[in-house]
Structures are given as C-alpha cells and as structure tokens.
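Student: Protein chains in written order, with the working numbering: chain A, 1 to 361; chain B, 1001 to 1361; chain C, 2001 to 2361.
If you are wondering where the hints come from, they were derived from the structure by calculation, not from laboratory data. Please note: incorrect hints may appear among the correct ones.
One side only, chain A facing chain C, incomplete, derived with CB under 10 Å [as the list claims (entries may be wrong)]: (1) G36; (2) P41; (3) N45; (4) A62; (5) I65; (6) I66; (7) G98; (8) D217; (9) A256; (10) H260; (11) E261; (12) K262; (13) K264.
Since we're looking at a predicted model, the values are computed, not measured. In this text, a Cβ means the ideal position worked out from N, Cα and C, and glycines have one as well.
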Amino acid sequence: MARQLSRWAICCLRVAAPGLGWGRGRGCEFSCASFGRIMRPDDANIAGNVHGGTILKMIEEAGAIISTRHCNSQAGEPCVAALARVERTDFLSPMCIGEVANVSAEITYTSRHSVEVQVNVMSENILTGAKKVTNKATLWYVPLSLKNVNKVLEVPPIQYARKEQEDEGKKRYEEQKLDRLETKQRNGDVILPVINPEPHTVGYSQSSLIHLVGPSDCTLLGFVHGGVTMKLMDEVAGIVAARHCKTNIVTASVDAINFHEKIKKGCVITVSGRMTFTSNKSMEIEVFVDADPFVDEPRERYRAVSAFFTYVSLSKEGKPLPVPQLLTETEDEKRRFEEGKGRYLQTKAKRQAQLQQSAQQ
Amino acid sequence: MARQLSRWAICCLRVAAPGLGWGRGRGCEFSCASFGRIMRPDDANIAGNVHGGTILKMIEEAGAIISTRHCNSQAGEPCVAALARVERTDFLSPMCIGEVANVSAEITYTSRHSVEVQVNVMSENILTGAKKVTNKATLWYVPLSLKNVNKVLEVPPIQYARKEQEDEGKKRYEEQKLDRLETKQRNGDVILPVINPEPHTVGYSQSSLIHLVGPSDCTLLGFVHGGVTMKLMDEVAGIVAARHCKTNIVTASVDAINFHEKIKKGCVITVSGRMTFTSNKSMEIEVFVDADPFVDEPRERYRAVSAFFTYVSLSKEGKPLPVPQLLTETEDEKRRFEEGKGRYLQTKAKRQAQLQQSAQQ
Amino acid sequence: MARQLSRWAICCLRVAAPGLGWGRGRGCEFSCASFGRIMRPDDANIAGNVHGGTILKMIEEAGAIISTRHCNSQAGEPCVAALARVERTDFLSPMCIGEVANVSAEITYTSRHSVEVQVNVMSENILTGAKKVTNKATLWYVPLSLKNVNKVLEVPPIQYARKEQEDEGKKRYEEQKLDRLETKQRNGDVILPVINPEPHTVGYSQSSLIHLVGPSDCTLLGFVHGGVTMKLMDEVAGIVAARHCKTNIVTASVDAINFHEKIKKGCVITVSGRMTFTSNKSMEIEVFVDADPFVDEPRERYRAVSAFFTYVSLSKEGKPLPVPQLLTETEDEKRRFEEGKGRYLQTKAKRQAQLQQSAQQ
C-alpha cells in the first residue's frame, strides 16, 4: 500500500525545474491536471476526423475539474466552478479515431471572483508515437456556492513565479471583462425560416436541433456543463457547413464564447446555426443557444449563449478545398457578411503579426 | 402522402401561409418543432444502416418535447407528457451513418386528457443534398402532474384550421382508445426457455436482455422515456431476426404499441423477443417488456409493454432477401403463426387499397 | 508557442527523485500515464455509487493506452495491445457521482510477448479535497500485429531500477501463466434456464443480457475492448446480486479474469450470471461471456470469458448488510457453493496474512 501510494504521488506530481517556477509542494496537486482518452468512432465524422465539439467538451471538463478543485482548496463554503467564458480557440491539427487525446490543464491567473485556466490538447498516435498540438485554450470560471447557486464566492489567489506573469494575467482579465460586457448587448437576434431557399444562400444551410437536458449533461449544481453546450453548438455548425459545401468539413476555430446565462436540468435547448461569411477557404457560422425551461418554471425562453464557429472544407487527402461563396439576399445578411469579413481580416492580421514576431525572435 | 409532405414542408419551415392557419404568433413555437442530428457509427449496424430503435427514440423525444411544451403552455399545474401509445410505424427507406436525420413534430389533435403528435423523419445526405422520407409516426401523450404522477391533467385545446381536421382527429382518438382497451387484456404471455433448439425454430432465435434503468433513461418524473423502451425492444427484435436468418437485417415496421404501465428509475427491465411469423421476405417478432422494481418496492414483476416488429433481410446491395421459413413445433407456436399471417395479410390488403386510392386521385 | 510546449512537456513529465528509480529520460512518456474524469449519474446506481464496471472500463482503457504506446515505441511492425488477463481486483472504497476518478497507469514488467501494467484509481472529492484509493489493478497485455491480428509481436523490454523489481515481475509473470492455462480447461459450463424458481435459489436471481458489438466498443483491430466486456459482466453480476437481496449492492472485488478469445465487431454477446456462494455479508456471482459471430462467419458460438464477481449489500448509511443465504438445490449448485466457500476462505486468509505482515513492518 505504502509503495503504491508513493508511486501515485510521483506520477501525479509535476516537479518543477528551478527557474520555471512551477509547483513547489502543493502546486501540481491543485493547479495542474492531465487526462487522456482514446478517440472512438462516435467521436468522429465519417472521414475519421474527431469533431471539434468532442475536443471542446474534453477541454471544458478538464477546466471544470481543476478550477473547482482550486476554489475548494481552502476551508470555506463548498462551490462548483461554472464556465463563464472561453477565449478564441484554434484547431491546429486534426485528431483521428484511435488516437489518444492528451489534455492538460493549468491555472494561470486568479482574480477575486474568477479563475483563468489554460488547457492544452495534444493528439498522440500511439502506434507511431507522433504527437501534435491540436489546441491551446483559455477558459474563465466563476465559483458558485453549492448551497446558493446565485452567490459567487471568492477565489483563493495563486502564487506567481514572476511578477510579470501576474501583470499579464491581469491584462487578459481586463480585456475579457470588457468583451463580455459588449456581447451581452447583441444577443437578441433570431434565425427565421426560409421557404424553398436557393443553394448557397443563408436559408439553404441554416439548421437547428433540440436537446432535452438530462442528468449526465449537468454539474453538481444541476446546470448544463459548458462543454456539453459547446459540443451541441459544434454539431449544428458542422451540419450548416456540410450543407453549404457538401464535402468533408472540420472545425478550424471558435470565437470567444461568453456564457451569460445558466441552463437548468430539464430544460429543452434549441441550438440553431446560420452561415454568416465565407472566405475562399473558410466558412463562418453563427450559432445561438436558446433555453426553454418549460416545466416547473415561470420563465420565458431565453438566449443562453451565442458564438461564431469557423469551418474549412477538406479533400479526401486532407487538403483545404475552395468553398462556394455565400449568397446574401437581405440587408441583414449583407451586413452580417461584412461583419464576418471584418472578423476574418482581423484574425488574419493578428496571425501575421504573430508570425513576424516569432520570425524576429 | 402528398398531404403529409406538404405538412412536413410547412412544419419545417415554420412559416404560416395565410389560410393554412399554422403559426399565428405563438403557434409554431408551441405546437411544432423541428431538429436534426447526424447519425453516428453507434446508431447503426455493421452494414451502416441506422437501427430502427435509434429512429424510434428520436421520434419519441420530439413528441415528448412538443407535447410537454403544449401541456404547460397555459398557467396551471406543471406537468410532463408521458407516452401512452404509438400507432403502427413503417420504415419507408433506410438511413445511413453520416446522414442527417431531420425530425419534425406537430400537434394534430387534443382530447381532454391526451395529445396526438405527428412526427415525420427525413434522411438527408448532406453531401448530395438527397432527402428521403423515412417515417411518419403518430404518438399519443398524456400529461401527468409533476407533483403527483398519478394525476392526469387537462390538455389545453388546439385551434384547427378546418372543422374536418378536428373531426378526423376525434375519429383517430376513438379508434386508438378501443385498441388500447383490447391489448390490455392479452398481456399475460411469457417466453419460456428452450434447451438445445433446432435452427429456424422459435426457440432457436428467441432472445432476451436485461437493462438497469439509469437516470438518463428517464423523464423529469423519474419514469423511463417511451423512446428508450422502444429502442431496447428494437434491439432485441433485431437480434432475434439476425439469429434466424444470419444476414443483415433492418426494421421494416412496428405495430401499434400501448404503454399501459410506467417503469420507474432503478427498475431492471427484461426485454424478450420471439419470432411469431415469416412470410417469403419478412419476419414478425413479438417483444415483451417486463419491469422488476426489485429495490425498495413491494411490487412484483409486471408486464409493461408488448409489441410486434417486422424485419426484412437485406443483401449486400440492399435488396430484400428470401427468409428461411419459421419452424413451428407446439400448438401455441402454430396458433401465433396463423395470427401473424392474419396481421400480415391485413396490412398487405390495406396497403393495396391505399395504392389504388392514390392512383385514382 | 515554445512557451506553451515546454509547459506541456513539464506537465506531462514525471521527473524522478533520485533513488526512486522512475523515469530516466523517456520513462514517463512511454511507461506512465494518468487520466481523470468526473463521475456522472449515468456512471452510478440510484444510490449514487459508481458502478464497478465503469471503473474497470477506465482501468482497462488506461492499460490499453500505455501498453500500446510502449509496444510501438521502437521501430517495427505497428501493433495494438490486447488485454489477456486482469488480476484479482478489490474495490477498496466507494466512488460517488460528482467525484473525479484519477487513474494512473505504469508498466511494471515486460516478458517477451506480454506487458504487465499496474493501474491505480483514486477518487477525489473536488469540493473537500478528500482522496481515497479505490483500486489497485494489475493487467497483462499482448501486442497483436495491426496487419495480422493472429501474430503476436515482441515487446520492447523496460529498464528496471533495481534487479529485484525484475525478479518479482518474472515471478508474477510465471504465476499468471500457470493460472491462465488452468482456467482454459474449465470453460464449458452453461447457465440453464429455470422455470418458476423459489426466492433465494440460484435460478431465482440468474440473469443474462445480450449486446450487439458496435464500433465504439472496439479497438483499432476491430475487437472488443476488454474493459467493455468487464463493464457488461459487472452489469449482469450486479443485477444478479440485487435480485437476490433486493437492496443497494456494490462490487467488492473481481477475481482474476483471463481473456482467452477475442470478440469481433458485429458479434452478439450473451453475458449471463448466476450466484455461486454467499457468506454472511457477501455474494459471489459467476459470469460467462459467450460470443455469437452470427453474420458473415462460419464459426459457432463460443465462450470468450468467464469470471467471479463479489458483491456486498449496503444500508442507506453505507454499512454492509447481512445477505440472505443462497439456497442450493442440485448437486452442481452444492458443489459450486463449496468451491466458492473455498475461494472465500482463501481470500480471507490471504488478507489476514497481509495485515499481520503490515503490522510487523
């Protein structure tokens, strides 16, 4: 027994090389975690590519574990960490059936009421040993009291190895706070049905699904895991993309998502998606999640989340294919297309700036 | 068929053409729903054909959502709609992995205490855009109080566009009521084990499974979803059929199923099936569901549901194959074979009458 | 990017404290892995206790990942590690919904053609921080060629920190080899049906289920994961135990299981269980797994696995309850009861010897 326990401890322990400033005693146990799972056929599309939604769900589960663990690490009111926001996440390389998804999470910043978690995902081909970084995601969690779900508790502060780490974290914290306030305003839009739509119009590919929230979708507080919501969103976005270009499609990225409203067990959620923009080789899809607490609640249907997903179309050899241009018809569609173009160009510019920066170093 | 398809089109679009009387403000939101889901490998057999049970489960989920929503649409005691009956359902064309199942549901009649829902399922190949009607199902739900599961509540009446719609609905209501009373009587039969059975006898292919009812199988009231039960029934029926003919088999139809008895979370259910009849190219399988509330309940094991499933055997090219004739040994088996033949001939006659009627129009 | 990658590396790396002998360069990456997952309602019974089968499945997945990774760590024919044997496994403490299961795996011995993996499971209450060891399991894997599933490949040898580790491993290897040969012989038994059994007899609680093997149940070779089989076995054993004592029951231990025969995708498997022995507070259930490759295969139904599960009955406060004695009727039942008693007394004696040994140290 003693032998076994010490082995466990070692395995879990992330010992820090001096100068990097990790861990020190309780470090690993509380602020770092790693997980793995073999990808199964149900996790993937018919071409064998793992759904972006499956990966987002794993990322969020890792974040929820590590932040709930951290927020309960000091004596006090027990709490569950609820997902408040996911930063823009890129899918850097595809993952396939039979590969192992290695997910590692780490707490990188704490404000008074929120926790920033960075999660890395690597795909590992256990036959060849090849490993690829597939995602680097940043999530924000807020601790909610187990006894009173409307009460946000205080977060125990983490120790930073260097002062700059804290300063950079604070900057990220302020930025996301601003962005969350903004999105809270533009949430009223709905997706209206279209009769006999022409191919490649918005109405042609728009799609929706409904899901009855069951117990295994929920946290201990009885609210839907953010990861479950993101998986459903990716499913709808994928159907929209496939309907538009009729080829094998994969998730390329997800814009920042803010979770303003919780969704309770027993709700019916409607997830709907429409295409907003196409570049030569990518499609942007806007996804809405509406919750309908139709039993036992006096409350009206409400918008719980919305987000932009970007998809690319792949050839049988896995090369990006040109995408048919989206045909916009109404003024609103044209406006949304221009907005999408703006996001697209902004992202492109940011990426080029990063590349230049790396090249200079 | 034409009438059904136009309803589908309307329902999926959710826009009311004037004079058709759909929608009008809250109309669609409350009495109509549509959604889609990609079929995954686990939804299908090894030949890639989606299990009939997977489709039945989706149909029932859509029905449960729409009828629960409707029954809670007026202020009053909150309730959950429980499945009371599914009318005979044909599987008109196979659905495959990677296709999107589009399910649309609509309330078509309400009595004082029950709701009739019509659900249409279309398979959509999102790569080619091809769409096929796979099912048109009719389900009856009863609203049970959330506080007292034994209390049946009143159903808010729906508005009909034309008087004839109400009259036809009433006729369907009366017919199913009669049928429900009848089946309640012939429910005592059991499937007895057979030792060392010969190939193609009843004993050779009969099968049963047990399932422990978990939280995700259940509604908010803590009782098994009708769709979960039907999925398990189809699973057993499919194994009986495959054991008999040792080829790829698919569900062709399900006879009307009455849900007389609820099944509670934590029960063990035994689902058993035996072949009752074979025609040249089809097999009829009778399936029983028995519930065993063995923990914390004084109640004995009871018969909850029974039904007849019809299967066909398919070649690798998807063509119907001849089926080995069922060898009946006991008097009971011979009687059941004759009864099955009666049902088979009756269905055949009905279908021919419908075809002639369509041809005349 | 570089920063992110080095962080990942550190997180995954298990750095060795000198003298403990772990790791050494490639050590962690190839011979150690750890995973975690939140336990959901679907993983547990209605009393909130996670099913033993859920845990066995996680254990086996960890073992399969680490041994497949190791066997492919040197250039050569790609292979998939298949489960050959699980040593007796005790469930030391219950795990509950909402807790995190932390699973860590390590390769502890390699013979020419097999790999020994030790897997530890801890339950972690992330609200209180409390951690408990729930399982320490030992599994044996054999690498099968991806191109020719009947070809067993050679295993790259691991490095031992101390000579004694290798010697002890070799001893364990020889012991299990002997045991595997023995069980291969006593595999012909079948569970015969009983009509109208009395309470507390063998026939009263015996149960069986059938399962159609789907794609997500299988490895890359198209054969059922050992963990999937064990989960189904635990499900049947649990139903047998609950039928016998009609209370909340939990898995206490599983005897060594040998996987002599592979089970292919598309098979129907029949998992059947019968009670063989009861002590004052425990029940022993024998479980058989038979595979029926009924489509596209000339092969007859065959026995793939068999095992003994031990269950205990718990009160609402989680205390072990007395168990009704098993009523044996036939000579075979009496013989099996005596054999079960032998296993029970042997295990009890071993445990006491271990306790004394620990006390002396």
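Student: Take the hints in turn and mark each one as holding or not.
Tutor: Status of the hints after comparison with the structure:
1. For G36(A), the interface hint holds, the least distance from its beta-carbon to any beta-carbon of chain C being 5 Å, beneath 10 Å.
2. Below 10 Å, beta-carbon pairs count as interface contacts, and P41(A) has one with chain C at about 4 Å; its hint therefore holds.
3. Interface hint status for N45(A): violated, as the beta-carbon distance to the closest one in chain C is roughly 13 Å, over 10 Å.
4. Contact between A62(A) and chain C, as hinted, is supported at the beta carbon level, the nearest pair being about 8 Å apart and thus within 10 Å.
5. Interface hint at I65(A): satisfied, since its Cβ lies 5 Å from the closest Cβ of chain C, which is below the 10 Å cut-off.
6. Here the hint on I66(A) is kept, as its CB sits about 9 Å from the closest CB of chain C, short of 10 Å.
7. Proximity of G98(A) to chain C holds as hinted, the smallest CB-CB distance being about 5 Å (cut-off 10 Å).
8. Interface hint at D217(A): satisfied, since its Cβ lies 9 Å from the closest Cβ of chain C, which is below the 10 Å cut-off.
9. This hint is violated: A256(A) has a C-beta 18 Å from the nearest C-beta of chain C, more than the 10 Å allowed.
10. The restraint placing H260(A) at the interface with chain C is violated, with a minimum CB-CB distance near 24 Å, outside the 10 Å limit.
11. Of the supplied interface hints, the one on E261(A) is violated, with its beta-carbon coming no nearer than about 22 Å to a beta-carbon of chain C, more than 10 Å.
12. At about 17 Å, the closest approach between the beta carbon of K262(A) and any beta carbon in chain C exceeds 10 Å, and the interface hint on this residue is violated.
13. With its C-beta approaching chain C no nearer than about 15 Å, K264(A) sits outside the 10 Å limit, and its interface hint is violated.
The structure shown violates the earlier hints numbered 3, 9, 10, 11, 12, 13.
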